[in-house]
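Following the hints, put chain B in place on chain A, whose structure we already have.
Chains as they are written, first to last, in my numbering: chain A, 1 to 528; chain B, 1001 to 1331.
These are calculated hints, taken from the structure and not from any lab test.
Heads up, the beta-carbon is just placed ideally off N, CA and C, and yes, glycines get one too.
Among the hints, erroneous ones may be present.
What the hints assert, rightly or not - When the alpha-carbon atoms are kept at most 20 Å apart in a straight line, the in silico SDA-like pairs for lysine to any residue are as follows:
#	chain 1	residue 1	chain 2	residue 2
1	A	114	B	1326
2	A	136	B	1195
3	A	199	A	237
4	A	115	B	1326
5	B	1172	A	111
6	A	57	B	1167
7	A	91	B	1327
8	B	1172	A	362
9	A	57	B	1195
10	A	114	B	1164
11	A	91	B	1175
12	A	136	B	1164
13	A	114	B	1175
14	A	57	B	1171
15	A	332	A	420
16	A	57	A	32
17	A	215	A	26
18	A	108	B	1327
19	A	108	B	1324
20	B	1172	A	94
21	A	332	A	313
22	A	114	B	1169
23	A	137	B	1324
24	A	137	A	113
25	A	91	B	1195
26	B	1172	A	215
27	A	137	B	1187
28	A	108	B	1171
29	A	91	B	1324
30	A	137	B	1086
31	A	146	B	1172
32	A	136	B	1328
33	A	91	B	1328
34	A	57	B	1326
35	A	108	B	1174
36	A	361	A	351
To be verified - Not close to chain B: a few residues of chain A, all C-beta gaps over 12 Å, as computed:
#	residue
37	53
38	54
39	112
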Amino acid sequence: MSQPYAIELKGITKAFGSVVANKNISLNVKQGEILALLGENGSGKTTLMNMLSGIYKPDSGEIFVEGKPVSINSPEDSKRLGIGMVHQHFKLVDVFSAADNIWIGREKAGLRLKKNRFALVEEMIQRFGFDLDPAKKVYNMSVSEKQTLEIIKVLSYGAKTIILDEPTAVLTVQEIDKLFGVLRRMKAEGHSIIIITHKLNEVMDISDRVAILRKGEYITTVDTRETNEQELTEWMVGRKVDLNIDRPVMEKTRPLLELRDVTIRNDEGALAIDGVNFYIRGGEILGVAGIAGCGQKELCEAIAGLRPIEKGQMIHKGDNIVGLPPKAIHEKGISMSFIPEDRLGMGLAPSLSITDNMLLKNYADTKGPFVNRKQGRADAENVIQELDVVTPSTETPVRRLSGGNVQKVLLGREIKAGPNVIVTAYPVRGLDINSSYAIYNILNRQKQAGVGILFVGEDLDVMMALCDKIMVLCHGRLMGVVHAHKTTKEELGLMMTGALDLTDKYEDKPAGIAKDTRFGEKEGEEEA
Amino acid sequence: MDKLAVLTAFLHSIVVYNIPLLYGTVGEITVEKSGSLNLGVEGIMAAGAIFGYIFGCYANSLLVGILAGFAAGALCGLLFALLTVTLQANQNITGLTLTTFGLGLYFFVGNSLKASGWPVMNDFANIKEGFADLSIPLLSDIPLLGKGLFSHNILVYLGIVIAIGMWWYLNKTSLGLRLRAVGENPAAADSVGINVNRSKYLHICLGCGIMGIGGYYMGLNMGGSFNSSCWINGYGWIAVALVIFANWNTALAIVGTFVFGFFNTLRVSGSSLAAAFPGALGWLASIPTQLYQALPFIITAIVLIITSIRNKRGSSGLPAALGLNYYREDR
Chain A
1 MSQPYAIELK
11 GITKAFGSVV
21 ANKNISLNVK
31 QGEILALLGE
41 NGSGKTTLMN
51 MLSGIYKPDS
61 GEIFVEGKPV
71 SINSPEDSKR
81 LGIGMVHQHF
91 KLVDVFSAAD
101 NIWIGREKAG
111 LRLKKNRFAL
121 VEEMIQRFGF
131 DLDPAKKVYN
141 MSVSEKQTLE
151 IIKVLSYGAK
161 TIILDEPTAV
171 LTVQEIDKLF
181 GVLRRMKAEG
191 HSIIIITHKL
201 NEVMDISDRV
211 AILRKGEYIT
221 TVDTRETNEQ
231 ELTEWMVGRK
241 VDLNIDRPVM
251 EKTRPLLELR
261 DVTIRNDEGA
271 LAIDGVNFYI
281 RGGEILGVAG
291 IAGCGQKELC
301 EAIAGLRPIE
311 KGQMIHKGDN
321 IVGLPPKAIH
331 EKGISMSFIP
341 EDRLGMGLAP
351 SLSITDNMLL
361 KNYADTKGPF
371 VNRKQGRADA
381 ENVIQELDVV
391 TPSTETPVRR
401 LSGGNVQKVL
411 LGREIKAGPN
421 VIVTAYPVRG
431 LDINSSYAIY
441 NILNRQKQAG
451 VGILFVGEDL
461 DVMMALCDKI
471 MVLCHGRLMG
481 VVHAHKTTKE
491 ELGLMMTGAL
501 DLTDKYEDKP
511 AGIAKDTRFG
521 EKEGEEEA
Chain B
1001 MDKLAVLTAF
1011 LHSIVVYNIP
1021 LLYGTVGEIT
1031 VEKSGSLNLG
1041 VEGIMAAGAI
1051 FGYIFGCYAN
1061 SLLVGILAGF
1071 AAGALCGLLF
1081 ALLTVTLQAN
1091 QNITGLTLTT
1101 FGLGLYFFVG
1111 NSLKASGWPV
1121 MNDFANIKEG
1131 FADLSIPLLS
1141 DIPLLGKGLF
1151 SHNILVYLGI
1161 VIAIGMWWYL
1171 NKTSLGLRLR
1181 AVGENPAAAD
1191 SVGINVNRSK
1201 YLHICLGCGI
1211 MGIGGYYMGL
1221 NMGGSFNSSC
1231 WINGYGWIAV
1241 ALVIFANWNT
1251 ALAIVGTFVF
1261 GFFNTLRVSG
1271 SSLAAAFPGA
1281 LGWLASIPTQ
1291 LYQALPFIIT
1301 AIVLIITSIR
1311 NKRGSSGLPA
1321 ALGLNYYRED
1331 R
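One chain only, chain A, in its complex shape (with noise of 0.2 Å):
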């Protein structure tokens, strides 16, 4: 042995009260190279990493770091090693400048807090080759600023080894591009990476080995060279797994939910959707493809009626339905579920359990001061089995669960109100394949029962399997619908940057609008 491991894990074992969430792993990490952590949600990828950014303490086992056995019991101990960690849930200080957030850990910063600490830090953010205003406040920037401020912290407490933990889950293709750019430049530089994702396509192209972790318990490491990804999905679930996405073909009825010339503008008042055409039909999945923050979430909130419709109207099985209450529209079918970036901002109560959650939407239909809980109990029970929700009871408070679990919650409420229209964002947003492949049953499911499916997604092959059609947005402007099958990744790459725009592809059908529209029926002739 010519060099000792950047680092190794020899036995770790670390209990939650009776859930043991790493038992007896062993693993390591060569100086200089990328190891991917793989493993499905809750096999103990972050639990794990977080023993060595000082979060956790192992029950037993021992960590050595170049060779020599260290014990970690604090953050700081860790940043002493040369460590760093980017959590998932990025740890930064939302009012300070990005400097400030670098200096709160800088070791020798002198009493005096110095205006030429911006330039310092300035500095070092050329030094590492980033691009980032250190004046900027953290919440003023984008997330990929944020995940870059982290970088950049780590590197500049001088870590050695870096481990970053599900980062591509919340990054637009062309973000995740240039991440994995600075990846390789810092192995390059001879820095080691660790980096916990489970998404195959990118442990294949970013690692140079595997480690794979299922159930709290170490599996194999793998040369990313020698494997596959049927492999690796096959050790990480462990049993055979088709990585096929079913798109069943359905009888399509008449357009269910039709939007027409719809304005809706941001929290900010700019132009989030400008002037949008498109309609869903039932037994159909719409997809939505655009960059981040092309106006996919205020498009969701304005059809479940929390954000208001500036121009244009909203068609619902005939109806106007622009302006009604979000009350109103639920119970007209429509349902809207979106997992925002951090996973439990939006339509669940994290603190309530299981059946409170599922109380929230219907505690109106009972009647009388006092609510159902025998019956919201009943519908968690019915979502736990029918979904497989992992949970030790229906009264677990929704944020104990692991992500894919959460997900599955919030999407079996929608479902459970029998809507005939969902409308989902980013429904596998940070789930492993197997949760992933759950919800697509789910959604496909619904299909074949008649519903229409309107689905923002990311992941431009997930849509392409999954969807049927997809519309592709760029700064809020429809840059034409496309057939799923028909179409190919770069042709939605540059309908997403606005390279292309089809709108006019087919002179008698402008893009997004019915010939068979229920426009009209019942407001009398308004348009052709």
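Positioned in the frame of chain A, the structure of chain B alone reads:
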């Protein structure tokens, strides 16, 4: 009566009777900047008052009184920190309990001493002299303002110095930056190697100690006469409100103290002002005292409304993690 003398006395009273509020406010800001909401200001000031007064008298030294007041406050803070930081108790309830505890301690110690022999402030020359007004040369010669603002006892100056010093510490030092990080996002502070618990303990004790000095000052203002109502008399609660008024800025707390002090003093001196200026201020005599008493709270409400209307992101000094306990392994 000399009109100038009335105005001078009015200004003088605003400062001398309300600086204890500044101690309470600056102390509470120090505590809250570490992310801990301590509603026990009233009790902590009471504890600082009684122990500061007694030890000060026994030692016949103002300095000992100040130190004892600080120590009593800091010990209350230590109790608060032990309960909320180490044992993760609810901060609101702990703070309210501390109010009851401090007031109870105040009456317990005071009443027992009263039975056996209450120390009378005027018997202790060093305290009386130490608490006498000190005139700042030149500045105190300015007519009206000089005697009103620049001729005060040492505790007034100390309060202003602490407020400005704390502002400098919070905003201009690396340690202050770290403290603010703890109050904003303890997980972030922890992840870069800041010792969150130590920072919380230190600043809770420091802040509560400052409140304790304010309590001692309150007692001296009352001439050290112990009777059925507590010396602090609700000032601790006003201090909690002043923190919001000052937007967690200890320099602004000085302004806040004087604004509140103005109305507070108007209640007391309203009639003498009305008598001295029957033409311009005669109407002051007809305002019921209840309105004056309510004014500080009405102003707080107005300030809260104004600040929340024009609340830009990042402009509020409210620490984001205020009132939340931090436990590293919590998910």
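- Which numbered hints fail: Hints 1, 2, 4, 6, 8, 12, 14, 16, 18, 19, 23, 26, 30, 31, 32, 37, 38, 39 are the ones this structure does not satisfy, whereas the remaining hints hold.
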